[in-house]
Every structure is written in structure tokens, then in C-alpha cells.
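Q: Sequence:
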Amino acid sequence: MIPLVGVSLKLTDKQVDKMLRAHGFSTKDVFYSPIQSWIMVLIMLASAAYPLMIYAGWYSLLLVPYAIASYFLNARNSNSFAIEDEKFIVVNGNFPFRKLLVFEKNEIKNILIDTKKIRWQSLMIMIGGNYVKIETNSSTTMFYCVGLDLDAYDENWTEKTIDDLHHYLKQKEFPVEFRIED
Numbered sequence: 001m002i003p004l005v006g007v008s009l010k011l012t013d014k015q016v017d018k019m020l021r022a023h024g025f026s027t028k029d030v031f032y033s034p035i036q037s038w039i040m041v042l043i044m045l046a047s048a049a050y051p052l053m054i055y056a057g058w059y060s061l062l063l064v065p066y067a068i069a070s071y072f073l074n075a076r077n078s079n080s081f082a083i084e085d086e087k088f089i090v091v092n093g094n095f096p097f098r099k100l101l102v103f104e105k106n107e108i109k110n111i112l113i114d115t116k117k118i119r120w121q122s123l124m125i126m127i128g129g130n131y132v133k134i135e136t137n138s139s140t141t142m143f144y145c146v147g148l149d150l151d152a153y154d155e156n157w158t159e160k161t162i163d164d165l166h167h168y169l170k171q172k173e174f175p176v177e178f179r180i181e182d
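Going by the working numbering, the first residue of the sequence shown is number 1, and it counts up by one from there.
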């Protein structure tokens with residue numbers, strides 16, 4: 001992650017809120033993994049590389065397919081989470097990966113919160129490799145949440161962090177396991 005010392009951005013995702021409301025859920029307890037963090041990093045890098053792009057001329061157009069591929073990878077891996085009553089909700093509001101999945105608390109055997117190095121992570125400007133693996137009675141599914149990072153005091157992209165998700169799940173008595181090391 002690119003450090004922004006002393007900066008707390010409190011990014012949210014309006015598409016996630018919109019999808020939750022459309023399905024009758026509140027947007028109170030949402031843990032965002034916003035694509036905006038990727039967009040901000042891409043803009044910062046493009047600004048810094050602008051003189052090189054001018055020098056490269058038409059060759060700088062090769063960055064367009066790279067930016068598109070990077071967007072698709074980041075959009076697929078930016079899943080947000082919401083908790084309402086006895087439900088754990090996974091939401092991805094990014095085109096073309098839009099989805100909303102609801103897991104009932106009594107169906108969940110375990111929720112594992114961990115991190116893993118993703119191939120080409122740095123090359124594709126991915127912020128991190130955090131994921132949430134949900135094991136139910138019938139399946140196990142893993143959801144990356146690359147924009148939802150560890151608590152860094154007041155220097156986070158989002159208001160609620162992956163640590164907050166862990167503590168909130170524990171408080172709501174969901175079966176949760178946290179394996180991320182600082």
C-alpha cells in the first residue's frame with residue numbers, strides 16, 4: 001500500500017449502498033473495499049509518469065490495455081461486506097462483477113479472515129491481498145477485499161477496517177478466525 005501519512009480518507013462505495021438498499025438491507029454496518037482506492041493510486045502514478053508518457057509519444061497508448069486489465073482484476077477483487085441481523089452479506093458493486101450474496105448465520109461453519117500474495121499484485125496496482133473465506137455446510141467460497149486493509153490508526157482508506165470486521169463478527173457471535181499478522 002502506498003503510505004499516506006496522517007491521511008484518513010473514509011472512502012465508501014455508493015454502488016454497494018445502492019445494491020444493499022435495493023435488496024432491503026440497511027447500510028449501517030458495511031465494511032467497504034472500494035475501487036476508488038485503486039483509481040486514486042492509478043491517478044497518482046499517472047501524474048508522476050506524465051513526463052515519461054509525453055516522451056514515449058504514441059507508445060504510451062499501450063498503457064490503455066494495461067489500465068483496463070488492472071481495473072478488471074481490481075474490480076473483481078474488491079468485495080465489500082455487510083452484517084445485518086443474522087446475515088453476513090457479500091457485495092461487489094463493480095461493473096461487470098456486480099453481485100450480492102447473503103449467508104445466514106446458522107449456515108456458516110467458519111469465516112476465515114486472512115491475506116495472501118496475489119500473482120501480479122504489484123504490477124496491477126493492487127492495494128493488498130486480504131480475503132474472507134466463508135465455509136458453509138455445503139460450500140467454501142473465498143472473497144478478496146483488496147481495498148479493506150488492516151487498522152493503521154488514522155491512516156486508512158476506509159473508516160471501518162478488516163480488523164473492525166473481525167471484531168464486529170465476533171461481537172455478533174459469528175464463527176470467525178483472524179489470521180492476518182501485522
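By construction, these hints were calculated from the structure, which means they are not laboratory data. Hints may be right or wrong, so weigh each one.
[Said to hold, decoys possible] Here are the simulated DSSO-like pairs of lysine-lysine, each with C-alpha atoms no more than 27 Å apart in a straight line:
id	residue 1	residue 2
1	Lys160	Lys18
2	Lys116	Lys170
3	Lys18	Lys105
4	Lys87	Lys170
5	Lys133	Lys99
6	Lys14	Lys99
7	Lys109	Lys14
8	Lys14	Lys28
9	Lys117	Lys18
10	Lys133	Lys116
11	Lys117	Lys28
12	Lys105	Lys133
13	Lys87	Lys160
14	Lys133	Lys117
15	Lys28	Lys172
16	Lys105	Lys116
17	Lys99	Lys109
18	Lys172	Lys105
19	Lys28	Lys87
20	Lys160	Lys109
21	Lys105	Lys170
[Stated by the list, open to error] Quick list of the computed label-pair ranges, beta carbon to beta carbon:
id	residue 1	residue 2	range
22	Ser47	Thr140	20 to 30 Å
23	Leu112	Lys18	38 to 48 Å
24	Pro65	Asn137	21 to 31 Å
Ideal Cβ placement from N, Cα and C applies to all residues, glycine included.
Q: Lys14 and Lys99 were given as a pair; does the straight-line alpha-carbon distance stay at or below 27 Å?
A: holds, 14 Å
Q: If you draw a straight line from the CA of Lys18 to the CA of Lys105, is it 27 Å or shorter?
A: Holds, at about 23 Å.
Q: Checking one constraint from the list: CA of Lys116 to CA of Lys170, max 27 Å. Satisfied?
A: holds, 22 Å
Q: Given the hint that Lys172 pairs with Lys105, test it: the Cα-Cα distance must not exceed 27 Å.
A: At roughly 10 Å apart (the allowed maximum being 27 Å), Lys105 and Lys172 satisfy the hint.
Q: Below or equal to 27 Å on CA atoms is what counts here, so check Lys87 against Lys170.
A: Measuring from Cα to Cα gives roughly 13 Å; hence the hint holds.
Q: For the pair supplied as a hint, Lys117 and Lys28, is the alpha-carbon distance within the 27 Å limit?
A: Status violated; Cα separation ~31 Å.
Q: Is Lys99 within 27 Å of Lys109, Cα to Cα?
A: At roughly 22 Å apart (the allowed maximum being 27 Å), Lys109 and Lys99 satisfy the hint.
Q: Is Lys105 close enough to Lys133, meaning Cα to Cα at most 27 Å?
A: holds, 14 Å
Q: 38 to 48 Å was suggested as the range; check whether the CB atoms of Leu112 and Lys18 agree with it.
A: violated, 29 Å
Q: Check whether the Cα positions of Lys105 and Lys116 lie no farther apart than 27 Å.
A: holds, 25 Å
Q: Under the criterion that the straight-line Cα-Cα distance not exceed 27 Å, is the pair Lys160, Lys18 satisfied?
A: holds, 18 Å
Q: Is it true that the CA of Lys87 sits at most 27 Å from the CA of Lys160?
A: holds, 18 Å
In terms of the numbered hints stated before, the structure departs from hints 7, 9, 11, 22, 23, 24, listed from lowest to highest.
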